[in-house]
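Given the coordinates of chain A, work out where chain B should sit on it, guided by the hints.
So the sequences go chain by chain: A and B.
At position 96 of the first sequence the residue is numbered 96 (this note's numbering), and the sequence of numbers has no breaks.
At position 83 of the second sequence the residue is numbered 83 (this note's numbering), and the sequence of numbers has no breaks.
No lab work stands behind these hints: they were computed from the structure.
Fair warning: there could be bad hints in the mix.
What the hints assert, rightly or not - Some chain B residues judged to face chain A by a derived CB distance under 8 Å, without partners named: (1) K35; (2) R40; (3) N52; (4) V69; (5) E70; (6) L74; (7) P83; (8) I85.
Stated by the list, open to error - Computed footprint of chain B on chain A, listed as stretches where at least three residues anywhere in the stretch have a Cβ under 8 Å from a Cβ of chain B: (9) 22 to 36; (10) 40 to 52; (11) 442 to 453.
Claimed, not checked - To give an idea of the interface, some chain A residues facing chain B are shown, with a C-beta separation under 8 Å as derived from the structure: (12) A97; (13) L98; (14) T258; (15) V347; (16) I429; (17) K478; (18) E481.
The beta carbon of each residue, even a glycine, is placed where N, CA and C say it ideally should be.
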Amino acid sequence: MYRYDEFDHDFVQARVAEFSDQVQRRLAGEITEDQFRPLRLMNGVYLQLHAYMLRIAVPYGTLNGKQLRMLGHIARKYDKGYGHFTTRQNIQFNWPALSDIPAILADLASVEMHAIQTSGNCIRNVTADHFAGAAADEVADPRPYAEILRQWSSVHPEFSFLPRKFKIAVTGAERDRAAIQTHDIGLHLKKNAAGELGFAVYVGGGQGRTPMVARKIRDFLPEADLLSYCTAILRVYNLYGRRDNKYKARIKILVHETGVDEITRQVEAEWQELKDAELKLPAADIRAIEAYFAPPALTDRPEGDQAVKLARLDSKGFSQWLDQNVVTHRHPDYAAVTISLKGIGEVPGDASDSQMEAVADIAEKYAFDELRVSHEQNLILPHVARADLKAVYDALVDIGLATANSNLISDIISCPGLDYCALATARSIPIAQEISRRFASLERQREIGELKLKISGCINACGHHHVGHIGILGVEKKGSELYQVTLGGSADENTSVGEIIGRGFSSEEITDAIEQIVETYLGLRLNPQEKFIDAYRRVGPAPFKEALYAGEAKAA
Amino acid sequence: MKILTANRLTDGIAVWYADGGWAETVDHADLAHDKAAEDRLEAIGAKAYADNEVVDVNLIDADVVNGAVEPVRLREKIRAAGPTIRNDLGKQAAHAA
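Here chain A stands alone, though its shape is the one from the complex (with noise of 0.2 Å):
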């Protein structure tokens, strides 16, 4: 993975330095909240309900052991002994001291960690496919692309204050696990027809309360010219991007209202302007870049196939476990295994210090000390033997974190909500926690099959309740919580948003109304084989309107 070289650590080091004076400023009066409030949000600290909240980036998802257990470290020191980790690939702890967090900050640059850019209008954390690296589909590992984002926007002077903050998202496979056409730029990694490496571009994309598929402007942007066609981007978003009204900043709303044809003819002419100048990549760079993610050295282990038919044959969890959270790896006696967040019951994505520790340690010894954090908000073992497939589930089992619901209705994307987040209108954990229960044998959440469920507290949507093939909006009315369904909504590379399917449900009422939208699909579906937004795009809205409110016109 990427190591700091000597600029990154100077950097970081002199940014945890600056605000840590900062910090003292303000803890003795020196400076005012309004002064200090944009110098905070720009390290990732945030005012919430209970507590300030720390949100630590993790570039494109990558971990090594040694930042998991610091993060276990700064949850036992620091908070209250757990982390949360976000559908942005980051992790965020609930309870710092503001006068704690200078030494937070120290703790996480020993180990090439920081909190720089996950807050503010500012280019954030660029994401990636959690598999990048080891997917057998993939035509090239997007992160080193991902970490020349990275260094080219971190206080990038012309790009620190735009009309709002900026995602991007990239994915090295056709399969789109990352996301791509929900963010502002959505980068697909491909070849052309020459096998030269570039880009299919697009803008525009955004959920919260204007959700919006990302268009595409270019089918292929060599690699070279990543930084100066992302540049144009970002000027014609700096210089048209509203900013009259914080709702409609975004360059979803720019995209919307300029229209695609117009938004490419200008980019391409900014481009222009820009493409044989400086930001030129060259391409030993991207290669030198590219060396800090050479996979790790991948020996043959063939004796994996036998060993895993002797397990299965003595282990009925680890046979359930291999088939729903292991996936293929390019190299066919490796697996990259999913490790859920999603206990039943559990709060997505949380996990507490000890749990970390293991999983760091589980990490060194089996998967070449490599990590993911994924936007679905579990940790992802990249590189695994199928030899050790074994080891690592009793490992898992040990720590409570081997449940085998990956891409299953329990596997619930789900922000903090009502219960932590000070914009939240309603709670969604606790909705999430009593659907986990409702479904909670793994048979009947295998009958069901691939369910994407996501639910968001808030029209923010940081829970992406509209790319959910079951999306829950919670919100207040009335003086109480109520929830809104949405069905139809994906994230992968045929992003659709969802749509709502009628009026709200009260708390109490949620997951049953949950509980009959899948049995409606159940009925419906043409064979097990038919997914549920395979069936619901064949059949529409109507049969789920049908089955959920019937009654009540009938009634009235």
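Coordinates of chain B only, in the frame set by chain A:
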């Protein structure tokens, strides 16, 4: 009725104005029954903010239930108790122990 709430600057912990100081629990928060009392609380909040004791100062609706002050809105109830999904955290932790 209104009460005055904020988060303490140093650690961000939610606090309520009670008996001339900032309390970590809401139960005995000073109640404003009329506009004059609200103005008085508001002035106290503004001064505490200016003095860098607290941030995010707000006057919120409250009732008295079984002799204890309780915020009206769910958001404020959760602030006063802690996350509803973790009874071991926040103010409620003292009762749970």
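Against the structure, the hints:
no.	hint	in the structure
1	K35	violated, 23 Å
2	R40	violated, 22 Å
3	N52	holds, 4 Å
4	V69	violated, 18 Å
5	E70	violated, 14 Å
6	L74	holds, 7 Å
7	P83	holds, 4 Å
8	I85	holds, 5 Å
9	22 to 36	holds (count 5)
10	40 to 52	holds (count 6)
11	442 to 453	violated (count 0)
12	A97	holds, 4 Å
13	L98	holds, 6 Å
14	T258	violated, 37 Å
15	V347	holds, 6 Å
16	I429	holds, 5 Å
17	K478	violated, 12 Å
18	E481	holds, 7 Å
Hint compliance for this structure: hints 1, 2, 4, 5, 11, 14 and 17 are not met, and every other hint is.
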